[in-house]
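Number of protein chains: 2
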Amino acid sequence: MTEASFDHFLTVAHQCADAARQAVLPHFRMGLETLSKSDDSPVTLADRQAEDVMRTLIKKHYPHHSMWGEEGGQEGTMDAEWLWVIDPIDGTRSFVTGRPSFCTLISLFHYGRPVLGLIDQPVTEERWTGIKGQPSRYHSPRLAGKIGTRKHTALRDAELSCTSPDILRPEKKAGFHALQKATRRTSWGGDAYAFGLLSLGQIDIIAEDTMKPWDWAALVPVIEGAGGTITDWKGQPLHLESDGTVLACGNPTLLPHIIETLS
Amino acid sequence: MTEASFDHFLTVAHQCADAARQAVLPHFRMGLETLSKSDDSPVTLADRQAEDVMRTLIKKHYPHHSMWGEEGGQEGTMDAEWLWVIDPIDGTRSFVTGRPSFCTLISLFHYGRPVLGLIDQPVTEERWTGIKGQPSRYHSPRLAGKIGTRKHTALRDAELSCTSPDILRPEKKAGFHALQKATRRTSWGGDAYAFGLLSLGQIDIIAEDTMKPWDWAALVPVIEGAGGTITDWKGQPLHLESDGTVLACGNPTLLPHIIETLS
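So the sequences go chain by chain: A and U. Under this note's numbering, think of the first position of the first sequence as 1, with each following residue one higher. Under this note's numbering, think of the first position of the second sequence as 1, with each following residue one higher.
These aren't lab readings, by the way, just hints derived from the structure by calculation. It should be emphasised that the depicted structure is a prediction, and the values quoted were computed from it without experimental measurement. Yeah, the Cβ is synthetic: ideal placement off N, Cα and C, and Gly gets one too.
In silico contact screen, one side only, chain A against chain U (beta carbon under 10 Å); selected entries:
| hint | residue |
| --- | --- |
| 1 | Leu-25 |
| 2 | Phe-28 |
| 3 | Thr-97 |
| 4 | Val-123 |
| 5 | Arg-142 |
| 6 | Ser-161 |
| 7 | Ser-164 |
| 8 | Arg-185 |
| 9 | Trp-188 |
| 10 | Tyr-193 |
| 11 | Gly-196 |
| 12 | Leu-198 |
| 13 | Gly-201 |
| 14 | Gln-202 |
DEER-style ranges, computed between Cβ atoms:
| hint | chain 1 | residue 1 | chain 2 | residue 2 | range |
| --- | --- | --- | --- | --- | --- |
| 15 | U | Pro-256 | A | Thr-210 | 28 to 38 Å |
| 16 | A | Pro-256 | U | Arg-142 | 41 to 51 Å |
| 17 | A | Pro-237 | U | Lys-60 | 55 to 65 Å |
| 18 | U | Pro-256 | A | Gly-235 | 43 to 53 Å |
| 19 | A | Pro-135 | U | Asp-40 | 27 to 37 Å |
| 20 | U | Arg-48 | A | His-152 | 21 to 31 Å |
| 21 | U | Arg-156 | A | Pro-256 | 39 to 49 Å |
Just need the whole structure built from these sequences, with the hints factored in.
Quick look at the structure:
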């Protein structure tokens, strides 16, 4: 696991994201009205085609690595030294409603811990990358943004975000509402894109529930390399058997208070 | 109220939106950390500066028209023949969290009814315009999209959208939850941008609450000129004394059923 090998992992991740963009964009904002019942929906086609091109690229470069994709399932063992976890379209709701905030997520685990993450928004052409132990990077041809979480926000001034109230399990709602009351304002929607915004210092806290490994894996190196923390709602590191809760925080000194509020 | 005068109204509306973009963009994704307590926040500056340039332009062209802006308040009488209603930044939550889905809204009322509307997203450079009795238009240099609501969706297949559960008054929540159960899926966030997406056939139903005239005025001509309906939750036309509920629907044949579900 040398720096040189990480450079190559990152190059392949960029190639995957470039290929996924080409596969996804033709299906974005395509109407559903002309589809017959047996046809696949645009999001299904985009999902499948983007995952196929990414799997092909990863296999070509790393035939002995394991792989886990939302669409195509698992290949190889999940406790392998190297495991790629990919989600061609994170934010199905956003994609099907034409919002340019869905993302392609690419991550690489080393013995069960995510060490490389890439978040890509194909329409705005924004891309975030993170490698364990290194500062994260933000690439955008048009939009402003600088890596670095907001470090000095008090809890009462914090901008809270969550994808949807509908993803919170009943037993998690009271904790979330307590956190809403303790913070300044809540914005909804965003999926992985909101975590990219947290890494740019635009959002202070994100609390999500019922997330799968492919939903959070790519976010971990990006958030940590921007100065934030990302754990479950108890403050424990995320791993393949995590309970589905995810908590990202731009100002790590707030974390104990947030965990207490959520419980 | 000839066609020629509408052409000129529309030209001025485009000039206003162009000027607002220039005023707003420098403040988007600006950090808050360096501000002292007495400084204005980026969203306050963007709001005020964009409203100022729009008011100046409208006054120059139509010194005898009335005006109502979210920031600068009312000028002239609200029951005048011509009334411009503008909102420099619709979607404060989106703006302050760096999401490219806030909008600038410009509308013109004729004796209390909105007859011209413009929705502009400065970052993605998407713009929608509507004039009463004419087909709406969508302008975008990069994103795909075609004016026309989705006309044949059944209620159980419908994509429902709402900006935030927090904008629903307690007495409106039960109706909204019933509508959620009757539809396929709910996506959150979006403000005026979601109404633009409904006019492109990407969203089927939007139900909002506690909306002010500057929040909905520009949407009316755009939605109606795309084949949809936009009313309050009882199906009544929107006017300056409406109760704050707003209901947009891409398939007008669903409207009676939706109204019944919401009540």
